[in-house]
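Novice: Let's have the full structure, built from the sequences with the hints guiding it.
Spelled out, the chains give:
2 protein chains.
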Amino acid sequence: MEQINEMAENLKLLGDKTRLTMMALLKDRALCVCDIVELLETSQPNASQHLRKLKAAGLVNETRKGQWIYYSLNVEDKPYIQAIMGYLPSLKEKIDQIKNDCD
Amino acid sequence: MEQINEMAENLKLLGDKTRLTMMALLKDRALCVCDIVELLETSQPNASQHLRKLKAAGLVNETRKGQWIYYSLNVEDKPYIQAIMGYLPSLKEKIDQIKNDCD
DNA sequence: TGATTATATAAGTAAATCCGTATATATTTA
DNA sequence: TAAATATATACGGATTTACTTATATAATCA
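Sequences listed follow chains A and B, in order.
With full-length UniProt numbering, the residue at position 79 of the first sequence is 79, and numbering never jumps.
With full-length UniProt numbering, the residue at position 75 of the second sequence is 75, and numbering never jumps.
These are calculated hints, taken from the structure and not from any lab test.
Label-pair distances were calculated between CB atoms; the ranges are:
(1) B/Q97 - A/A56: 34 to 42 Å
(2) A/W68 - B/N46: 43 to 51 Å
(3) A/S90 - B/K65: 40 to 48 Å
30 Å max Cα-Cα, derived BS3-like pairs, lysine-lysine:
(4) A/K65 - A/K55
(5) A/K78 - B/K92
(6) B/K94 - A/K78
(7) A/K55 - B/K17
These numbers come from a predicted model, not from an experiment.
In this text, a Cβ means the ideal position worked out from N, Cα and C, and glycines have one as well.
Specialist: Listed below in structure tokens is the structure:
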């Protein structure tokens, strides 16, 4: 079943706490890498590597804005991913705490 | 976020094509290990080991019936797992093809 | 009871995965 | 143009994972 294999690949990507937290963060709004590094309290290369995987699977988009690269969700055409996202807690409050240097 | 970590653990379990196919099969009905081995075309130990992980996470139940141990879904109290299950294709036709020795 | 069938567990191996350190690339600013 | 900032990539090590083979346990049947 090719459909199941494809779903398994995507679920595997979400089955990592760093990446799943990234997705939860991006539910609120697009974020640049330095925001994500600060929010996740991880290293910049680690964040970049996880973001690359999410992007390779088409789960996020990237947009450069000057020095910064903003990542945003790209799940409109992926209904089961959207369904999962609906069950992720909102991290909006946490996001509002970060100091927004990026700009 | 403990809730996210717990979700990530469960999604990781579903993020494997063997286990996700098992879950899709069990959506139709309870199956014994030998059924699953036949349907997945894998080895018996491999099937048992994957089933053990699903059981440890509480995603399936087991019930012995004589010589056979039947596994069934246990997702009533796990809404996001149920949501994902709803997007898995039905493998009913495939299941109906197996020769039902078990009995 | 001994043989057979169903399932679980143990142990080993190859591959995948996550993360850290180091470095490269791209953009902005002085 | 040089320095600073933001991000990506390369590489290596430790851990995890999936699978195989071999063996153990449990239930049934002759």
